[in-house]
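These protein sequence lines map, in sequence, to chains A and B.
Numbering follows the numbering used here, with no gaps: position 290 of the first sequence is 290.
Numbering follows the numbering used here, with no gaps: position 99 of the second sequence is 1099.
The set of hints was computed from the structure by calculation and includes no laboratory data.
You may find that some hints are simply not true.
Unchecked claim - The calculated lysine to any residue pairs, modelled on SDA-like cross-linking and capped at a C-alpha distance of 25 Å, are:
(1) A:204 to A:243
(2) A:158 to A:42
(3) A:205 to B:1022
(4) B:1109 to A:223
Unchecked claim - Here are the computed distance ranges between Cβ atoms for each label pair:
(5) A:280 to B:1104: 45 to 51 Å
(6) B:1036 to A:178: 58 to 64 Å
(7) A:143 to B:1004: 46 to 52 Å
Just so it is clear, CB atoms sit at the ideal spot from N, CA and C, and this is done for glycine as well.
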Amino acid sequence: MPNGFIVPYGPQHAAFLEPFNLRLTVEEEVVVGAELNFGYNHRGMEHALAQDYKRTQFLAERVCGICSYHHASVYCQTMETMYGVTISNRANLVRLIMMECQRLTSHLLALGHIAETIGYENLFMQFFREREGVMQLVNRISGGRVHYSMNAIGGLRKDVTYEQLMDVEATLDRLEPKFLELQRIVRKDITLRRRLRGVGLLTKKDAVDWCTVGPTSRGSGLPHDVRLTSYGGYGLEGIKFRPIYYEEGDCYARTMVRMDEVVQAVDLIRQALGQIRDGPYQVPVKGNPNGEAYGRVEAPRGELLYYVRANGTTMLDRIKLRTPALVNIPALTAMVPGCRFADVAVITVSVDPCVCCTDR
Amino acid sequence: MNGPTPPNDIRKRLERMTRKADMPRLIDIIAVDRQDGTFDLIYTFHHQNVLMDERFVIKADDELESIRDLYAAAIYMEREIIDMFGLRFNGLEGGFLLDKNSPQTPLRKPIKVETVKEVKPDA
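Input sequences plus hints: build the corresponding full structure.
What follows is the structure, encoded as structure tokens:
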């Protein structure tokens, strides 16, 4: 008899929102090994994105349904670097506000998903109720709940009004006490602590080895955050930011990073609202792009990199996306060995896996 | 970029660079088809909040040395390049994002439009 059983986990599984497969080696109730399989959702996005650089900004937004605006923003940022244009402070700050709004929706979804995975339905519903408030806000501003389509190469497609900015402020005033209450629950709640503490450990050494990013690496004591590179609005005067990180490396640490970042996102949006002034929202760009450029943003799940090489025509030579999930999900193979089989679901969900981003 | 880099030099240069920079975080490995039988291979790193890269030109039939022992995450990046461009890394196979019924090496130029074969479940 072999030492362990092979248990397929996915591609269709109640804990997964999207399809991927974990091939677990299990001895008794303990997982001793894991192997990953992807590609169930591969759409050839890198090929499609290279077809017409003008349409790419809209297609890039469709790579992922959770961090869609980050994809659109990083693509525009990359092309702006290639064109050598500097966009206005107003456009930078509006992008910052919308990116932080999307961080709120993404983190609240991930937190709700963790609560649901451990069977804490009540907390799941509370996270999703507050998330709905942010979803309705972004819908009122952009006209879309998922795809905002607000960006253009050189700034924004259209300006936001004073009333919309006041709406952001009023909505945050209403939601912030609820976020603080949720933060208090996540910090103190005995159920969450018992289910998440010491589970799915990712040591600092493994986090470096697997090149993890975002809350997954910040939960293991690595203060990596692309926002420290001061891109876009994060580098403007009056915007202060310090990365949140926890040393423990378990599911609870990753959850706490997200929870604290929800509160931090509200603060960043308020800072941006305080700095925003009237001014141009778009800088014109001329001609087809030529050359190559990188762009990086801190998406909710971590660093999102775009590399674009253009040849002076409307078609791009190459566009490469390095999404955060591509490095965070493989790190599961370091987190899962030694855990109980019943904990695999919550460990997987704690890295906030996004298969749309990974498969592309 | 100059002419092709001998495959053995790639690993040595990367080792030297990572030692010098105290193991910067590997962001990604990017392949680009130069359409003359060679490929650009770009290793991007994050070091002290700055993005830096190491660039190589390789021939299509070169067998490259994997850096998965330096960075565990490199295994999936290299497997993706095998899938998308058909390049070779020692000890690794594709099948990360594409299966055997998918169009093979879809990002190698000129890009061929192929019909995906329908796979019927076993009776």
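Tested hints:
no., hint, verdict
1, A:204 to A:243, "holds, 16 Å"
2, A:158 to A:42, "violated, 33 Å"
3, A:205 to B:1022, "holds, 14 Å"
4, B:1109 to A:223, "violated, 40 Å"
5, A:280 to B:1104: 45 to 51 Å, "holds, 48 Å"
6, B:1036 to A:178: 58 to 64 Å, "holds, 59 Å"
7, A:143 to B:1004: 46 to 52 Å, "holds, 50 Å"
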